[in-house]
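*Asks:* Residue-level listing of the chains:
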Amino acid sequence: MGFLLQQLINGFMLGATYSLLAIGYTLVFGLLKLLNMAHGEVYMIGAFFGWTIVTMIHLPIYLALLGAFVIGGILGIIVEFFCFRLVSKDYPLASMLSTIGLGVILQNFALVFSGGEMVRFPEMLRTSNFYIGPVIISEVHLVIFGIALCLMLMLNILIYKTKLGKSMRAVAEDKNVASMYGINVNVVTMATFFISSSLAGITGVLTALAYHSITPFMGVEQGLKGLAVIVLGGLGSVSGAMAGGIILGLSEVIAIAYLPADFTGYKDAIAFAILIGILLFKPTGLFGKFGLEEKV
Amino acid sequence: MSEGYLTGIFIQIGINVILALSLYLPFSTGQISLGHAGFMAIGGYFSSILTVNFGFPLLVAMVLAGVLSCFFGILVGYPALRLKGIYLAIATMGFGIIVQIFFQNFNYTGGPMGFQGMKGTNFILTYVTAIVFSYLIWRLMNSRIGRAFEAVNEDEIAAAAMGINITRIKILAFSLGAGLAGVAGALDAHYVYYIDSHNYSFLRSVEMLLFLIMGGSQVVWGPILGAVILTSLPEVLRFMAGYRMIFYGCLMMFLMIFRPQGILDRRLLLRLKNYLVPWKVSHS
Amino acid sequence: MQLMIKDISKSFGGLSAVSQVDIEVSSGEVHALIGPNGAGKTTLFNIISGVIKPDQGKISFDGQEIQDMKPHTITQLGIARTFQNIRIFKNLTVIENVMIGEYCRTKTGVLGSMFHTLDKMREEKNILSKALEILGFVGISSETFLLASQLPYGLQKRLELARALATEPKLILLDEPAAGMNQQETLYMIELIDKIKKLGKTILFIEHDMRLVMDISDRITVLNFGKKIAGGKPLDIQNNPCVIEAYLGKKENYLQC
Numbered sequence: 241m242g243f244l245l246q247q248l249i250n251g252f253m254l255g256a257t258y259s260l261l262a263i264g265y266t267l268v269f270g271l272l273k274l275l276n277m278a279h280g281e282v283y284m285i286g287a288f289f290g291w292t293i294v295t296m297i298h299l300p301i302y303l304a305l306l307g308a309f310v311i312g313g314i315l316g317i318i319v320e321f322f323c324f325r326l327v328s329k330d331y332p333l334a335s336m337l338s339t340i341g342l343g344v345i346l347q348n349f350a351l352v353f354s355g356g357e358m359v360r361f362p363e364m365l366r367t368s369n370f371y372i373g374p375v376i377i378s379e380v381h382l383v384i385f386g387i388a389l390c391l392m393l394m395l396n397i398l399i400y401k402t403k404l405g406k407s408m409r410a411v412a413e414d415k416n417v418a419s420m421y422g423i424n425v426n427v428v429t430m431a432t433f434f435i436s437s438s439l440a441g442i443t444g445v446l447t448a449l450a451y452h453s454i455t456p457f458m459g460v461e462q463g464l465k466g467l468a469v470i471v472l473g474g475l476g477s478v479s480g481a482m483a484g485g486i487i488l489g490l491s492e493v494i495a496i497a498y499l500p501a502d503f504t505g506y507k508d509a510i511a512f513a514i515l516i517g518i519l520l521f522k523p524t525g526l527f528g529k530f531g532l533e534e535k536v
Numbered sequence: 488m489s490e491g492y493l494t495g496i497f498i499q500i501g502i503n504v505i506l507a508l509s510l511y512l513p514f515s516t517g518q519i520s521l522g523h524a525g526f527m528a529i530g531g532y533f534s535s536i537l538t539v540n541f542g543f544p545l546l547v548a549m550v551l552a553g554v555l556s557c558f559f560g561i562l563v564g565y566p567a568l569r570l571k572g573i574y575l576a577i578a579t580m581g582f583g584i585i586v587q588i589f590f591q592n593f594n595y596t597g598g599p600m601g602f603q604g605m606k607g608t609n610f611i612l613t614y615v616t617a618i619v620f621s622y623l624i625w626r627l628m629n630s631r632i633g634r635a636f637e638a639v640n641e642d643e644i645a646a647a648a649m650g651i652n653i654t655r656i657k658i659l660a661f662s663l664g665a666g667l668a669g670v671a672g673a674l675d676a677h678y679v680y681y682i683d684s685h686n687y688s689f690l691r692s693v694e695m696l697l698f699l700i701m702g703g704s705q706v707v708w709g710p711i712l713g714a715v716i717l718t719s720l721p722e723v724l725r726f727m728a729g730y731r732m733i734f735y736g737c738l739m740m741f742l743m744i745f746r747p748q749g750i751l752d753r754r755l756l757l758r759l760k761n762y763l764v765p766w767k768v769s770h771s
Numbered sequence: 084m085q086l087m088i089k090d091i092s093k094s095f096g097g098l099s100a101v102s103q104v105d106i107e108v109s110s111g112e113v114h115a116l117i118g119p120n121g122a123g124k125t126t127l128f129n130i131i132s133g134v135i136k137p138d139q140g141k142i143s144f145d146g147q148e149i150q151d152m153k154p155h156t157i158t159q160l161g162i163a164r165t166f167q168n169i170r171i172f173k174n175l176t177v178i179e180n181v182m183i184g185e186y187c188r189t190k191t192g193v194l195g196s197m198f199h200t201l202d203k204m205r206e207e208k209n210i211l212s213k214a215l216e217i218l219g220f221v222g223i224s225s226e227t228f229l230l231a232s233q234l235p236y237g238l239q240k241r242l243e244l245a246r247a248l249a250t251e252p253k254l255i256l257l258d259e260p261a262a263g264m265n266q267q268e269t270l271y272m273i274e275l276i277d278k279i280k281k282l283g284k285t286i287l288f289i290e291h292d293m294r295l296v297m298d299i300s301d302r303i304t305v306l307n308f309g310k311k312i313a314g315g316k317p318l319d320i321q322n323n324p325c326v327i328e329a330y331l332g333k334k335e336n337y338l339q340c
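Protein chains in written order, with the working numbering: chain A, 241 to 536; chain B, 488 to 771; chain C, 84 to 340.
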């Protein structure tokens, strides 16, 4: 029983990072029907940037988190401009392909920077643990969970209680009508990309904190899993992204815990099996609102 | 530059031409596949098992690999029918990754250790295959079926109103494309001698896509052109070897801004044809 | 009776688009479907051509029930259509658009196409010459090798008509063939429809241009709010008070409408 609870705690923590990443994807998709395939790489760059701040410039961890947040945001603006604003809307998926290109560029930079090897992120937090019954909650768990929750809360407030949030929701509903009401669609788009990518950046550092290793390839895998999460939660739904992330995190942890040793490698396939399953049977996901029909 | 080195480049060009064409087929009906490396993997591994473990001749293994991949194409293509645009892209991406993860863990084909011992791909085999496929696909696209492909791409509802069975056409295109990728996978595996799951990553699928997108996604010559240019270019620009992907990425972004249909599009091809053969009645 | 529409109804999310409509069209007839905007005319076309399935009712064509069939099967049976917002294949040439129309009447398959058999070559030649003939029939021969998107609106409408004719239909559904046309273009369209009628084809068309409707129709059906409110010869429809009320608004309360 204690074992199961421990797995659940781990799963929640893993899930929290999945959720944060997925929220970024879903914000941009909900607004623009655009899948930002560079999202995973921004997450990876965030991790590397945080590492640089901590190990090379020797600044405290919270500055690394902040730095990654900002750098993520800046990358988001770059994506908005080069992969969205300048790209013709006539060709299907042109923007998405463009973000794939940018992602590839970012990954190459990281490869060159790290020499292709895994980089070790140092222990940043005191390894004190809290014992609640049979369960161990480490400081790492708390920090990650805490920050993730804070971020999600702030995001919620932003979307539902601020003018910017209202504008974002309006543009997501109908871009043209929103602009007729005086909303500057370009600014809203940029802001959305900024928020989405800054979340990715900071999540990168959080992951590095938890798992201590970063590679130039972490973006691809996490990015693609993030896709699975938003499909599960429903493309465009923030609460879906949150729920989906937790579900995936829990599934993976449970799978590792209970599958026979030979098969644990397949745990990564869970995300994609879910992805395909949802697309086949319930493409709108748990909370999603986008259908697939065409008007005649 | 040794002769073997040059031959190697040419073989790679040939294989990439087939890969680009394999992506072109579903694309011409409006189906985007971001997981084609998965079909390539199926073809690659299957043909390798046949030749290394069972002593099949390469040519037979290639054909069987193509058939198996084609079959998987139907398997994937059928449910994919109800997905459009971005949903299809995501689903095929997922498929490609699942295949990769599968081969990473599947011990019969070596798992993380990979599979090795394949040889037999040479210049002649590659080019005969590439040229034959190019010709057949060119013929196909310039026929009633090819026109149906294009109609489905343009407007599915209107195409159905023309008596075209959308389902059948889309699955046809998708499975043919998958089969072609399988054959390319077989050729590739028997050229590189050793394969593992890393050979068939998402990046591989993206690379194929780039050949198609850059060369031109509207006409048969497009993917051929794209494969030739993008395979030879890195050799020409060998000084920037480590930065190859940066170049590809910039190219993709550049194309999407300035010429998303690729270098060779229908209008350009028409103009070229009218310029070169003004007295002949030309259609597409 | 070539086309029999019996008790057809369709709602979308609680809103009734078409309600218990009965229409009969005889072979060779030119039958107009009129009514104010939103009356359900295009929805009815979509149901006939198989794009939408009706909630209830039957449609039979030449004795066969077609309401559950897929669009491509219905075209194969001999019903062709044009669309309200032209749906030509914009990035293909004019001639290719028409050639695609011949798809269901030709049979070269994948292998035949790839290996360029004699049968295929013969069929291709036939397809090409038939397409050229049809282009001449609708009067856009001079634009044969242009991309469809390069044509002006009026000619695009003719192209869509040509494409529908290429499917060798017995019945053609025309959705607002004269929409957006000036007087000259409308006259040309009237002539075209007459030429098609002389070929022996049945025409069921939606139109708002009353002069065109009165000029060429053999019979007219009027829809309003998804229901059929009148049907008969042009002169009868013109003087039908329910029809007048539908278009011009309530003047007197006609209880029988």
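Any given hint could be a false lead.
[What the hints assert, rightly or not] To spell it out: a stretch of chain B is covered by chain A in this simulated footprint if at least three of its residues, at any positions, have a beta carbon under 8 Å from a beta carbon of chain A; those stretches are: (1) 675-681; (2) 716-725.
[As the list claims (entries may be wrong)] For lysine-lysine, the following DSSO-like pairs were computed, each having C-alpha atoms within a straight-line distance of at most 27 Å: (3) 571/B - 522/A; (4) 153/C - 173/C; (5) 522/A - 213/C; (6) 415/A - 507/A; (7) 316/C - 571/B; (8) 415/A - 401/A; (9) 329/A - 141/C; (10) 136/C - 522/A; (11) 760/B - 136/C; (12) 310/C - 571/B; (13) 571/B - 173/C; (14) 141/C - 173/C; (15) 208/C - 89/C; (16) 415/A - 571/B; (17) 280/C - 760/B; (18) 329/A - 606/B; (19) 89/C - 213/C; (20) 310/C - 278/C; (21) 208/C - 136/C; (22) 273/A - 281/C; (23) 141/C - 190/C; (24) 401/A - 329/A; (25) 760/B - 273/A; (26) 329/A - 507/A; (27) 281/C - 310/C; (28) 316/C - 760/B.
In short, the hints are calculated from the structure, not lab data. Note that the Cβ used here is the ideal one computed from N, Cα and C, for glycine as well.
*Asks:* Decide, hint by hint, whether the structure agrees.
*Replies:* Now the hints, each set against the structure:
Figure legend: the segment 675-681 of chain B, annotated as covered by chain A; annotation inconsistent (0 residues with Cβ-Cβ distances under 8 Å, at least 3 required). Check on the segment 716-725 of chain B: 0 of its residues sit with their Cβ under 8 Å from a Cβ of chain A, so the three-residue criterion for coverage is violated. Proposed proximity of residue 571/B and residue 522/A is supported: the alpha carbons are some 14 Å apart, at most 27 Å. For the suggested pair residue 153/C and residue 173/C, the alpha carbons sit about 24 Å apart, so the restraint of at most 27 Å is met.
For the proposed pair residue 522/A and residue 213/C, the alpha carbon gap of about 46 Å is over 27 Å, so the pair is violated. Distance restraint check for residue 415/A and residue 507/A: the Cα-Cα separation of roughly 40 Å exceeds the 27 Å cut-off, and the hinted pair is therefore not satisfied. Taking the CA atoms of residue 316/C and residue 571/B, the gap is near 46 Å; set against the 27 Å cutoff, the hint is violated. A threshold of 27 Å between alpha carbons decides the hint, and for residue 415/A with residue 401/A the separation of about 20 Å falls inside it, so the pair holds.
Distance hint between residue 329/A and residue 141/C is unfulfilled; the C-alpha atoms sit about 42 Å from each other, more than 27 Å. For a cut-off of 27 Å, the pair hint linking residue 136/C to residue 522/A stands: about 22 Å separates their Cα positions. As the CA atoms of residue 760/B and residue 136/C are separated by approximately 45 Å, the hinted pair breaks the 27 Å bound. Taking the CA atoms of residue 310/C and residue 571/B, the gap is about 35 Å. The hint is violated against a cut of 27 Å.
Our distance criterion of 27 Å between C-alpha atoms is met by residue 571/B and residue 173/C, whose separation comes to about 20 Å. A C-alpha spacing of about 35 Å is found between residue 141/C and residue 173/C, which places the hinted pair above 27 Å, so the restraint is violated. As the CA atoms of residue 208/C and residue 89/C are separated by approximately 42 Å, the hinted pair breaks the 27 Å bound. Distance hint between residue 415/A and residue 571/B is fulfilled; the C-alpha atoms sit about 22 Å from each other, no more than 27 Å.
Distance restraint check for residue 280/C and residue 760/B: the Cα-Cα separation of roughly 39 Å exceeds the 27 Å cut-off, and the hinted pair is therefore not satisfied. For the hint pairing residue 329/A with residue 606/B, the CA-to-CA distance comes to about 46 Å; that exceeds 27 Å, so the pair is violated. Of the pairs offered as hints, the one joining residue 89/C and residue 213/C is violated, with about 36 Å between alpha carbons and a cut-off of 27 Å exceeded. Our distance criterion of 27 Å between C-alpha atoms is broken by residue 310/C and residue 278/C, whose separation comes to about 31 Å.
Distance check on the hinted pair: residue 208/C and residue 136/C sit about 38 Å apart at the alpha-carbon level, beyond 27 Å; violated. The hinted pair formed by residue 273/A and residue 281/C fails the criterion: a straight-line CA distance of about 50 Å is larger than 27 Å. Proximity of residue 141/C to residue 190/C is assessed by CA-CA distance (about 31 Å); at most 27 Å being required, the pair is judged violated. Straight-line distance between C-alpha atoms of residue 401/A and residue 329/A comes to about 32 Å, which puts the hinted pair past the 27 Å bound.
About 38 Å separates the Cα atoms of residue 760/B and residue 273/A, which puts this hinted pair outside 27 Å; it is violated. Between residue 329/A and residue 507/A, the direct Cα distance comes to roughly 37 Å. Violation of the 27 Å bound is thereby established for this hinted pair. Among the hinted pairs, residue 281/C with residue 310/C is inconsistent with the structure: their alpha-carbon atoms are about 31 Å apart, more than 27 Å. With a CA separation close to 54 Å, the supplied pair residue 316/C and residue 760/B exceeds the 27 Å bound.
Of the numbered hints stated above, those contradicted by the structure are hints 1, 2, 5, 6, 7, 9, 11, 12, 14, 15, 17, 18, 19, 20, 21, 22, 23, 24, 25, 26, 27, 28, listed in ascending order.
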